[in-house]
Amino acid sequence: MNMITLENVDKVYRTDKIETLALSNVNLTVEEGEFVAVMGPSGCGKSTLLNLVGLLDKPSKGAVRMMDRDINGNSDRKMAKLRNENIGFIFQSFHLVNDLSVIDNVEIPLLYRKMSGKERRNRCKEALEKVDLLSRMHHRPSQLSGGQQQRVAIARAIVGEPRLLLADEPTGNLDSQMGFEIMDILNGLNKNANTTIVMVTHDQRLADDTERVIRLFDGRRIN
Amino acid sequence: MLKNYLKTAWVVFMRRKFFTFVNLFGITFTLAILMIASAMLDHIFGGTPPEVNQRRTLGIYRVSMCEDSEEGRDMGISAMASAYMLEQCMEDLPGVENTSIIGMFWQVLSFIDNRKVTSYLRNVDANFWEIMQFEFIEGRPFTHDEYDNGANVAVINEATRDKFFGNTECVGNSFEANGKSYRVVGVVENVPILRFTPFADIWVPHTTDPGYNQNNELVGLYIGLMLAESRDAFPMIKEEFISRVNNLDISAYHPNNKIISVPETFLDNIARLIFSFGLSTGNFTKQLYIAAFILMILFMVLPTLNMVNLNMSRIMERSSEIGVRKAFGAPSATLVGQFLVENIVLTSAGGLLALLIAYVVLAVISSTGVIPYAQFTLNIRIFLTAVGIAFVFGTFSGVYPAWRMSRMNPVDALRGGAA
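If you read the protein sequences in the order shown, they are chains A and B.
Reading the first sequence from the start, the letters are residues 1 to 223 in the working numbering.
Reading the second sequence from the start, the letters are residues 1001 to 1419 in the working numbering.
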């Protein structure tokens, strides 16, 4: 099954004075269980592509399909439900909520599902166990190192058992040792849980660790 | 989910203590003022003792005479009724269980140990004690026999007993007011001056006043009270009373004169006075409520706008969190709910603080005696009003920022929050 399909997608950002073509005629298919890296220079449209794949944004032209279903024209509520049930996000700058403890951060995706508080807590503990941070569940993000914070972000991304994991330069703010640790976790998820992963990266060594590399340049796919 | 919202709210508030303090101060100050005003209005208009029959009591507080001409209606006299007019129009009214005529309170002088003491004296009839339910500390009200015989008897309040006799039993003792001697038959709890209808220090029978009801004037210094069998009888009583008023002989006044007097509650009377200067027989209480509501809203506008502004910056500060929640599937409506919960938590905290401040301020006002015998209290009505006001305040000041937040694109929200 195709997890995500982009057909002739354009994305244009408009302001009062200028129009910027961030993506132009991009076609892409990611199959279920694939681990794909997206590479390209800064400003080439990598994050824009990831936002479209993650249903955080809508294309200006073309179609986006998820699990072979057209999602164009879906309401915001429907898109939110699709994201909640199928997609996990890992951001370069972690985007943890500093006001909440580690376990409360991990709990966020489950808050929007029909689930008892006890079940939510158990699922969070399991996710934290997978990233080896169960002992830190009552800490605040600011009390953790960068690598630990990214592992919390991974726990948050996988707690809802998404079929698709999107990682936007997940190791960009980490040293190489931490970066490889994170990659190990992602590889484990891909192999053991058959999670489809799309990862934006600048690092060729990390891209080499994935099954396929998609290259972008000036908003166009070049391979 | 609610637990998570409350936890987040608590952490956010504690993170920016000064910000929270400013926010809370604005809410507390506004709500405290509104609660104090509510408590005072409740004190004036609420059905507390001795006016426990207030819900089925109608009063004749005003008689207006105006001249109808081609140019319209001109104000003539707007005054209180005479005992003569009240007797003419209130006698044997259908649907009325009891009636009473009471005079306006006036100041009288006494001398205790060569010291000048002023008190408020009010002439009433014996029925007054049946319609009003005073708490008697000692003794009893004066009887119909004592009233009919013009006995120089008096019921006094606790403060007057203390002034004249010290804090001891005084029934059977006499005192002088304006050179006239009265025998005390009962002592009642103090009634605040804001309770316009029952208030006095000393209540004596009309029959001790030689000038009582000695002419056929229509205006005077009296209030008529009518205890209805039930509120359902109000329309019938009003209709019959107005018809009797219209049949009064007013030839002694200007031939074009029209006389207007309406049985109504004290609140209705105030509303009619404000909105028609007493020249209409209509009911204006709804308009009074609307005006009070508008005033309340206007009073709340500035602090609400201030809070909207503070909330907007609070939201911008949390755009990363909003982006994350949206990315992980929070529907916009849920986020609006979360933000409103946070805001209502804050305003409820402000409401509780305001309740405490209002309690202290009212206790201070009561203890200083600025308003004689006022005992302002916070009862369940005031508490519920406070809860209502806090809820409205919290919702209004939170809705717009929450709506703006819900429209935020998750990508922009995440970008805004990125370090």
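It should be emphasised that the hints constitute simulated quantities derived from the structure, not laboratory data.
A virtual CB, placed ideally from N, CA and C, is assigned to each residue, including glycine.
Hints should not be assumed to be uniformly reliable.
[Said to hold, decoys possible] A partial selection of chain A residues facing chain B, derived with a Cβ cut-off under 7 Å:
1. Arg77
2. Ile108
3. Ser145
Against chain B, with CB atoms and a cut of 7 Å, does the hint on A/Ser145 hold up?
Hint violated; A/Ser145 Cβ to chain B Cβ min 15 Å, cut 7 Å.
Holds or violated: is there a CB of chain B closer than 7 Å to the CB of A/Arg77?
Where the cut-off is 7 Å and the nearest Cβ of chain B is about 5 Å from A/Arg77, the hint holds.
Closer than 7 Å between Cβ atoms is the bar; does A/Ile108 clear it against chain B? Give me holds or violated.
holds, 5 Å
In summary, the one numbered hint that this structure violates is 3.
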